[in-house]
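Colleague: If you want the building blocks of each chain, they are given just below.
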Amino acid sequence: MAAAGSISADEFRSLAEKFADTSSKIDDGWHLEILASQDSVYLWRKSILPRSSQSNEQQKESQKDPGSAPPPVPSGHVVTPTKMSETTEICAQLDGQQLNVHDWDEMEMEEDEDEQCMPTVLLEREVLTYEYHILYSESYAVPVLYVNIYKQDGKLVPLDTVWEMSPSSFQKLLGEDKWTILTQQEHPLLGRPFLQLHPCHTGDLMSQVLKNSAGNIKQNYLATWLSTVGPMVGLHISPNYIT
Amino acid sequence: MINFRSLWFQVNITRGGRLTMADDREILREIWEGKVPVCFQLAQEEVYTGEQPDPFFLLVPRLSYFPLVTDKVLRHMMKHVDPEHHGEMWLEFDGQPLKWHYPIGVLFDLYGMSTDLPWKLTVHFQNFPEEELLRCSSKEVVQSHFISVVKEADALKHRGQVINSMQKKDHSTLWAGFMNDKFDQFWSVNKRLMENSGEKAFMFVPFRIYRADQIPVQKLFKPCADSGESLTLRHLLKTAVPELMETDALISSRVLIQGIEPPLDTPVCWLSEHLSYPDNFLHICLMPRVEVES
Numbered sequence: 283m284a285a286a287g288s289i290s291a292d293e294f295r296s297l298a299e300k301f302a303d304t305s306s307k308i309d310d311g312w313h314l315e316i317l318a319s320q321d322s323v324y325l326w327r328k329s330i331l332p333r334s335s336q337s338n339e340q341q342k343e344s345q346k347d348p349g350s351a352p353p354p355v356p357s358g359h360v361v362t363p364t365k366m367s368e369t370t371e372i373c374a375q376l377d378g379q380q381l382n383v384h385d386w387d388e389m390e391m392e393e394d395e396d397e398q399c400m401p402t403v404l405l406e407r408e409v410l411t412y413e414y415h416i417l418y419s420e421s422y423a424v425p426v427l428y429v430n431i432y433k434q435d436g437k438l439v440p441l442d443t444v445w446e447m448s449p450s451s452f453q454k455l456l457g458e459d460k461w462t463i464l465t466q467q468e469h470p471l472l473g474r475p476f477l478q479l480h481p482c483h484t485g486d487l488m489s490q491v492l493k494n495s496a497g498n499i500k501q502n503y504l505a506t507w508l509s510t511v512g513p514m515v516g517l518h519i520s521p522n523y524i525t
Numbered sequence: 058m059i060n061f062r063s064l065w066f067q068v069n070i071t072r073g074g075r076l077t078m079a080d081d082r083e084i085l086r087e088i089w090e091g092k093v094p095v096c097f098q099l100a101q102e103e104v105y106t107g108e109q110p111d112p113f114f115l116l117v118p119r120l121s122y123f124p125l126v127t128d129k130v131l132r133h134m135m136k137h138v139d140p141e142h143h144g145e146m147w148l149e150f151d152g153q154p155l156k157w158h159y160p161i162g163v164l165f166d167l168y169g170m171s172t173d174l175p176w177k178l179t180v181h182f183q184n185f186p187e188e189e190l191l192r193c194s195s196k197e198v199v200q201s202h203f204i205s206v207v208k209e210a211d212a213l214k215h216r217g218q219v220i221n222s223m224q225k226k227d228h229s230t231l232w233a234g235f236m237n238d239k240f241d242q243f244w245s246v247n248k249r250l251m252e253n254s255g256e257k258a259f260m261f262v263p264f265r266i267y268r269a270d271q272i273p274v275q276k277l278f279k280p281c282a283d284s285g286e287s288l289t290l291r292h293l294l295k296t297a298v299p300e301l302m303e304t305d306a307l308i309s310s311r312v313l314i315q316g317i318e319p320p321l322d323t324p325v326c327w328l329s330e331h332l333s334y335p336d337n338f339l340h341i342c343l344m345p346r347v348e349v350e351s
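Those sequence lines, one after another, are chains A and B. This note's numbering puts the first residue of the first sequence at 283, with every later residue one more than the last. This note's numbering puts the first residue of the second sequence at 58, with every later residue one more than the last.
It is worth saying that the hints were derived from the structure and are not from the lab. C-beta atoms are modelled at their ideal positions from N, C-alpha and C, and glycine is treated no differently. Mixed in with the good hints, there may be bad ones.
What the hints assert, rightly or not - Covered, in the sense of this in silico footprint (three residues per stretch, anywhere, with C-beta under 8 Å from a C-beta of chain B), are these stretches of chain A:
no.: 1; stretch: 420-432
no.: 2; stretch: 456-467
no.: 3; stretch: 471-484
This is chain A alone, in the form it adopts within the complex (with noise of 0.2 Å):
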């Protein structure tokens, strides 16, 4: 009875339950919570990201001109995406920006020559906490996707930041469409406001991606629509949740 491309409840639970086994196989911090008093389980992570090294206005200027080169990363060693860890370039696609050293101290990343030479001016450097959450949408039979990017200073990245912050990709949509895309709403378990990506079209997605594809699509249901969804917030899924 369900629309194509969506998941019930009892489907969705269990896929939640699949993806926090492996996330504790690869150990990359999902964490499955059950609320019993309200019949309801979601997922959760939280990441601690170095902000894109590119200002604001950087990036204004550099999407109104797409043929240019892009504006320089700030004085530092530079690496190239080639030699970071999964989690670098994690990082590096969010900003869609070369990192330069400094973001791996950070990070605590594993040791490298470079790092030794990390001039300690850059240590100025923010980091950003993302708390995402998964939700089923009872409304939509489709998972949710909530965000909160902390600053250091504990405050909330505001809309308009997070919105400028997602990769180019996703600017063009953004700048059509971003008040039905990515808003603020109240996480409806918690209470709390959190940025949503809207649910109405991840029906319409998925349905077209499950369409596509052939295999355990369903079984993968969650990893495709984040991997395919999640970049526009700083989310990268790592390929060992396709089986």
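With chain A fixed as given, assemble chain B onto it according to the hints.
Modeller: Frame of chain A; chain B shown alone:
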């Protein structure tokens, strides 16, 4: 509110619950025109000019949202706060920050029902409680919130087929009608969202249940049993807040929709069609009865 209540009973009792179109419209009108008298006062500790500004009085529509009706309050109070240290305006009642994204009528039923009128609210420009309240930097934020709730309601009622078949201009008409208090304009679009017959019969009834200090409850609820029997408000409460029905808690609770206490035997479909807010949700408040009668 009182007028409406007597009207409802009159219609329901004298005609055995059968309503004509004209009655329907009268009820919708009555709901549309519901207002709450509010007295806005600047928080004492935020008065910068040395002199407490006069309170500001407004009669605000129950169906609206505070950011849509408080422009004048903002301008009046702004003159008296520290120009260097102020942020977004937010409202508080008796220590409780008010969530602007709930309709005013819901906030009033939850927090203001047992106080003297006008409802006295405190205006703040500092220490925005960002762990409790959504930010609201412009009316676009309210519009986006409103449309997203309407979409969710239609996802529940018609699998989203009505709202998705509308054009952007229909959404704009709906919003403009609501924001500018144009009943006919609003209903020219809303009647399609409220269609409830044949293929367009409501699949689920969009509702939320509020209690002070609790997270709102929202569940899937079909308006009719498999036998075809119309389900009532009592059935809905049994499904959504079973703990309320198990004890005698219900006897000590008031069930408020749009400021009135509908009989628990009222069909949920009727309530949804007539007492929903413009966002197409039936917002139900549960209040302890004791306080009110003391």
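Colleague: All the hints need checking, so say for each whether the structure fits it.
Modeller: Status of the hints after comparison with the structure:
1. 420-432: holds (count 3)
2. 456-467: holds (count 5)
3. 471-484: holds (count 7)
No hint from the list above goes unmet by this structure.
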